[in-house]
Amino acid sequence: MNYKKLIIIPLLLLAISLVYLFYQVSTKGLILDIDLKGGTQIVAESPTSINEQAIENILKKYDVDIRTARGVTGYTIFINFDASINPNDVIKTLKENGYDFKSYSTQTIGPALGVAFFQQAQLALLFAFSFMAVTVFIIFKKIVLSFRVVLSAFADIIETLVLSQILGIELSLATFAALLLLIGYSVDDDILLTNRVIKGSGEIKTRIKGAMKTAFTMVGATCVALLALLIMSSSLVIVEIASILLMGLIFDQINTWLFNAPVLRWYVEGLNET
Amino acid sequence: MKLSFIKEWRILIVIILVVAAIIFIIPSSQKGVVVTSISSGSPFTGKVQAGEIINWANEKDISSPEDFYLFENFTGTFRFMHSGKLELVNIERPGLGITVGKKPVSNLEFGLDLIGGTRVLLKPKENVTDTTIQQIIATLETRINIFGLKEAKFQPIKDVSGNNYIQIEMAGGSKEEVENLLAKQGKFEGKIPKVIDFTNTSGKLNLEKSYSVNLKDNEIEINNTLLKINESSKIEDIDFQLTNLTNDSAVLLFTVFSGKDIQSVCLQDQPGICVSRIISQSGGWEFNFQVFVSQESAEKFAKVTKDMKVITEPNTGSKYLESKIYLFLDEGLIDELSISSELKGQAYTSPAITGFRQIREEALKEQLRLKSILQSGALPTGLETIRIDQISPTLGQEFFGSAFLAIIIASITVASVIYVRYRSFKILIPNMLFSFFELMLTLGAAALIKWTIDLSSIAGIIAAIGSGTNDQIMIIDEILVGGGEEREILTFKQRIKRAFSIIFGSAATVIAAVIPMMFMGIGAMKGFAVTTILGIFIGVVITRPAFARIAEKILEEKEKI
Chain A
946 MNYKKLIIIP LLLLAISLVY LFYQVSTKGL ILDIDLKGGT QIVAESPTSI NEQAIENILK
1006 KYDVDIRTAR GVTGYTIFIN FDASINPNDV IKTLKENGYD FKSYSTQTIG PALGVAFFQQ
1066 AQLALLFAFS FMAVTVFIIF KKIVLSFRVV LSAFADIIET LVLSQILGIE LSLATFAALL
1126 LLIGYSVDDD ILLTNRVIKG SGEIKTRIKG AMKTAFTMVG ATCVALLALL IMSSSLVIVE
1186 IASILLMGLI FDQINTWLFN APVLRWYVEG LNET
Chain B
105 MKLSFIKEWR ILIVIILVVA AIIFIIPSSQ KGVVVTSISS GSPFTGKVQA GEIINWANEK
165 DISSPEDFYL FENFTGTFRF MHSGKLELVN IERPGLGITV GKKPVSNLEF GLDLIGGTRV
225 LLKPKENVTD TTIQQIIATL ETRINIFGLK EAKFQPIKDV SGNNYIQIEM AGGSKEEVEN
285 LLAKQGKFEG KIPKVIDFTN TSGKLNLEKS YSVNLKDNEI EINNTLLKIN ESSKIEDIDF
345 QLTNLTNDSA VLLFTVFSGK DIQSVCLQDQ PGICVSRIIS QSGGWEFNFQ VFVSQESAEK
405 FAKVTKDMKV ITEPNTGSKY LESKIYLFLD EGLIDELSIS SELKGQAYTS PAITGFRQIR
465 EEALKEQLRL KSILQSGALP TGLETIRIDQ ISPTLGQEFF GSAFLAIIIA SITVASVIYV
525 RYRSFKILIP NMLFSFFELM LTLGAAALIK WTIDLSSIAG IIAAIGSGTN DQIMIIDEIL
585 VGGGEEREIL TFKQRIKRAF SIIFGSAATV IAAVIPMMFM GIGAMKGFAV TTILGIFIGV
645 VITRPAFARI AEKILEEKEK I
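Line by line, the protein sequences are chains A and B. Under our numbering, the residues of the first sequence are numbered 946 to 1219, in order. Under our numbering, the residues of the second sequence are numbered 105 to 665, in order.
Wrong hints could be hidden among the right ones.
As the list claims (entries may be wrong) - Lysine-lysine pairs mimicking BS3-like chemistry, simulated, CA-CA at most 25 Å apart: (1) Lys1158/A with Lys601/B; (2) Lys1158/A with Lys597/B; (3) Lys1040/A with Lys279/B; (4) Lys469/B with Lys1037/A; (5) Lys597/B with Lys1154/A; (6) Lys308/B with Lys320/B; (7) Lys364/B with Lys308/B; (8) Lys1037/A with Lys279/B; (9) Lys279/B with Lys1047/A; (10) Lys428/B with Lys448/B.
Said to hold, decoys possible - According to the in silico footprint, chain B covers these stretches of chain A (three or more CB under 8 Å from chain B): (11) 979-992; (12) 1002-1009; (13) 1167-1178.
None of these hints come from the bench; they were simulated from the model. Backbone N, C-alpha and C fix where the C-beta goes; we use that ideal spot for every residue, glycine too.
One chain only, chain B, in its complex shape (with noise of 0.2 Å):
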């Protein structure tokens, strides 16, 4: 007696552990909102963390986002619980700078082909460490941070072979977003041209010491150096591109700024100390904002210009120099400025970058992605974008709710196909009835390891449970089929020990089988190979066992009859 007892624990271990993988799945019914991004500058930034559940604010329930955002104008001590603490935050100005969500109504995570969104892989132009990877991670997470984009996600990823990847999932997000904003290796450099005019083949050339340039057939000489066209050399610490050459005279193209001497960018207008506007103009709006440079490159914008002529334009009686400072970006030309006489000769270490679109809400965005950039700094080397996946949030959804139609319908078919052969509803409900306990414990198991769950792991889950059907099948059949003329010779024991050398032999080679599909296109079948291991295991050491003593009982009954 004491045996039998020990063997209904298998049955009850099941059922706790269904009861609590479904109690795991749904979380409780608290209310709240969650936290889905947080960013730069907000007032809540180090106060709390995406992911984090807030549900009052300010004497007030929060239950829906847009509970929370009746906020958004409010200044003031704001207090809030978030994940059961009390916190207090200070908002001096209107504008939360947070974003929070409906609370999921299950802990499971859904992959982006089910909810929708952006996904972009780029791969380094060059072989890199995983440190540099690290890095450019780094930097991306700040463009994106600054530009805006909700809830990014960031995953170097390595494959076979040993290259390097990098995975960007988000929420929103264009194409054209993704390969300006975070394909661009973000190389900035301000350059000033000057015009060296020739008398009889020399001319000269003012920084802060004045140099000799001689013309000598299709090259020039200076401090020492010869030049031809397009070569580029350094001067007082300079660098510079000879760009132009005539008999009369040469351009030389310094360049006064690079993305390394860019210390700060103004993100928000802060009056007094920092500017970034958008401007109505005719025909368009104009933006503009500030960075600040070292003094070392301010100086070199010194000497540059110290020589420079004034002209002062005949309709508006402003007066410029004579040459426009050029902002270039990985290579191109992204702006031309006139640089105020005020200027000349200054180490002028906060110069704005400004730019003209036709539409306000492009002025806004090519702002915001400048000044991402220019933030951000330059990655250490180029990406490419090698695979973009736009995937929308209706069309996951339908994927979904087609992919959970089609289980109950294969579900039905299944029972009635088991119903046909065996004439049986003791056999049927408990096949059935296992089959949904599998389902709720590798759900569970999922949730567990936060596993997440896309479309292949929904193909994963209905090859372990469809095989963990088939096991069920064969160990009724090896009970039923140990009858006949069998039935003598071997006990119940005996038959299910059979039944069960088939159920392990057949649940290793599946295993075998699908462990090298983790490896192949870079993860994109992981959750096929995840979820069928997570379900044949779960199987073979819980439900199985279990099932195989029910299975026992009601043809034991059966027999006697």
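The shape of chain A in the complex, shown without the other chains (with noise of 0.2 Å):
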């Protein structure tokens, strides 16, 4: 029964994650970006790449936060700071030191706004689990069978919020929805997954097998489509998606394949054994 043992590493990683996060929170607290805690972003276009570095250290009295996308016919830079510093400044700032960009789009949020935005994404996570778990269950009927995929879809979104916070991806409403409709993929190849087993014939060995070459060929599918548009797309919405579903989706195949799949030849055997 060497395949039990599996199990370990989906929860091994759920528990680093989540004393992880534990950590972060109660520490320094989650990166947030501009629209959870406040603040104003300036966007601006450039033809060519744009030195991170170098116009970090001549805003650097405004104590700003850059981050750069590749577009289409050029790059975009995102410049955030404090809701209190005027744009007007840094714009001018920027153009006494040789950057003119030609376009500039300005955010600004307040910081009261930004705090009930958070409040309202994290509300709408709790919702959207809830709704995702009852939905399940109502799918599933048999709490085992449920409930695993509950705890998997749980573990995706934990260790996709580490993860994404280690590198460096600030939370925002993008990255919220994203998390959200993560909720909803990562339940995708669980019902393909337990539908072939339990409905299933044969050795059920080869039907997890199948159920396996079926999901990765869609994992693949959008996997490829996710990072075709997170190396296209100069806009932070579509990156910060893309970039969110696509470790979601990689945590999914550690928790589907590693945690899901052995639980259910575990229940199916258990059956058949009584």
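Join the two chains, each given in its own frame, into one complex according to the hints.
Below is the structure:
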């Protein structure tokens, strides 16, 4: 019964992620984007690649945070700073130092609004997760089967959140949206797997392998599409959503095939033995 | 045979709906321009609505905004066709007071983050009712119309905790314009100071009647009321404040006009009726415009100025009253004006407001701003700008272009994955075709419900089509994998049935997970949720059953070989 030991890997991963998340929340807190904590973002376009460090030095007194994305016709730079700073001053400083981007977009979100948005987003995540759990219980009916799916979806969310924080991807309304979507997506291959194994015929191992082949084709297609979006899009909304989903789907494979599948096999074999 | 005919209907329905969606998205090739805004006072007010198409005017076909603007200096009877109807407008003075734009290439409406513009979120400083929000919006609409910001859309928004917000989206407008025009409560006051001189701690205040003013320590006694510095009171129905107090004199500041006294504002200079001008002066430009105030406040002005001394200015010889009138907006001084001696003691109902700016454009803008605020009146409560987004149109286009290109590249990579897996164009082509169908149907549905497509909506459409592709792979695999040893046991129909139980299950979980997204960030991600749900729904109900039928046919043929 070697396959049962596989379960340890995803459980360990979840445990480590939970500890890390707890540590980060209780020390420095989650890294948030301006729409969840308030602040101003300037977006500008440049035909050539941008030296983030150089711009950060120029704007040192404003304590800015800089990110870039590559678009079709050039690069897009995102400069974040406190809502109390006038964006025109930042643009002026950039111009004085020879960075004259032709067109600017600016967005300012008040700190109180950001806090409200963060609360709403957390609530939305909680509701989405509960709705998903209820739907899963309706679909699978059996407690053991449903609980395992819900647990692996939970693991997907936590692990993705932790990795995105480690990689410095700020939590924003867009990344929250991606996490919500991930809740829905992560259940997909579990439903596929469970259906094939429970309703199919033939040896369980073959049934799991068949489901795996289908799921890998599906995930492969989704991942290449997400990679294309990630590389090609100059919009931060799309880049953030794509990167969260990409990470989430990879974690989902670990949780589905190393946790869900063995537990299911265990369950079905247990049923057959009795 | 009859049964298979009914099944083909699924495919037929998809084709009909896709054609309908494309026809719906792409509007007719009929020429014309679309009306984008109508300013108040335009001869077109009430004759045409924003969003209507004008394609003919005074025997000329209108196919571009330039064609229409040729009539900018036209006077006389203007005949034009709008939305298929003929309308006559009598234009007395040059100026159409209407803006038009190119006819859109599609019926899809795009969000601010894709086309550029300014979006502002205002929060009332106090708790307000829905009626008050409507009242605020009406006032702000008047301000924006007079000020001439184009295509402003107002929307009351409520968040999950019940807080009220007002969102304004407009094509232009700078941060400063928004804050000075919209976030200002617009409480207007005109005040005149009167100096009371004391002889042996007593003096006189002359209004309609005469009152004695007595100095007592740090207070004055007037009309049986004791007042400390900065305290206010009322006399003969006029509000006043003690603003300065020494042993020799006291200064009382009388409020003669307030916002509610203003009955109308001279929006356009009309000789013999009202004055609104910009005059070149040494070092800059002076603007002025008349306001018409109530008789009641004009009488207050008369009472306060009745006993004022007249001063002659040595240089010009002009005669003025000893006190100026001070104009305040939201407690801030905006202007101080000398009062001509002729107005002394007069119930003057049409005072002028003046100001000065170094640059003509700025003078014009400030004049317009004050007119807008005074004409619209004060808001029931102050507003706070809690969010402001200014999106440059070129950046929006860049986002759109890059998203479009990314989708194409993503489709190609997905196609190659599917080809690598199945090595069959017979499987690949229907797969890609159905993804395209789903895109068209989702866009068509978005256009039908007049959904504004923003960046997050595009992300949602991508998500829906992505899960569509996944479902298609699964349908194929269920049919194929159902092969092998299961082939003898399960029929095609049973295999497809199993595929659909998986599809419905995953669609249900995605929709369940996405619904709460609508309520976060006061709808910032609503587009994502709506398009995802729309796309998944269309997929499950319309395209997937048809795709299953096609897959069945293709794979049936394959199996026979």
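Do the hints match the structure? See the list:
For the suggested pair Lys1158/A and Lys601/B, the alpha carbons sit about 20 Å apart, so the restraint of at most 25 Å is met. With a C-alpha separation of about 22 Å, the suggested pair Lys1158/A and Lys597/B falls inside the 25 Å cut-off, and the hint holds. Taking the CA atoms of Lys1040/A and Lys279/B, the gap is near 19 Å; set against the 25 Å cutoff, the hint holds. Restraint check: the Cα-Cα separation between Lys469/B and Lys1037/A comes to about 24 Å, which is no more than 25 Å; the hinted pair holds.
Simply put, Lys597/B and Lys1154/A have alpha-carbon atoms about 23 Å apart, close enough for the 25 Å limit, and the pair holds. Simply put, Lys308/B and Lys320/B have alpha-carbon atoms about 15 Å apart, close enough for the 25 Å limit, and the pair holds. Pair hint Lys364/B plus Lys308/B does not hold up; C-alpha atoms about 30 Å apart against a cutoff of 25 Å. Under the criterion of a C-alpha separation no larger than 25 Å, the hint pairing Lys1037/A with Lys279/B is consistent with the structure, at around 16 Å.
For the suggested pair Lys279/B and Lys1047/A, the alpha carbons sit about 18 Å apart, so the restraint of at most 25 Å is met. The suggested pairing of Lys428/B with Lys448/B holds, with an alpha-carbon distance near 12 Å, which does not exceed 25 Å. Only residues whose C-beta sits within less than 8 Å of a C-beta in chain B count toward coverage, and the stretch 979-992 of chain A has 4 of them, enough to reach three; the restraint holds. For a cut-off of 8 Å, the count of residues in the stretch 1002-1009 of chain A with a CB near a CB of chain B stands at 0, and the three-residue condition is violated.
Coverage of a stretch by a chain is defined here by at least three residues with a beta carbon nearer than 8 Å to that chain's beta carbons; for the stretch 1167-1178 of chain A and chain B the count is 10, and the condition holds.
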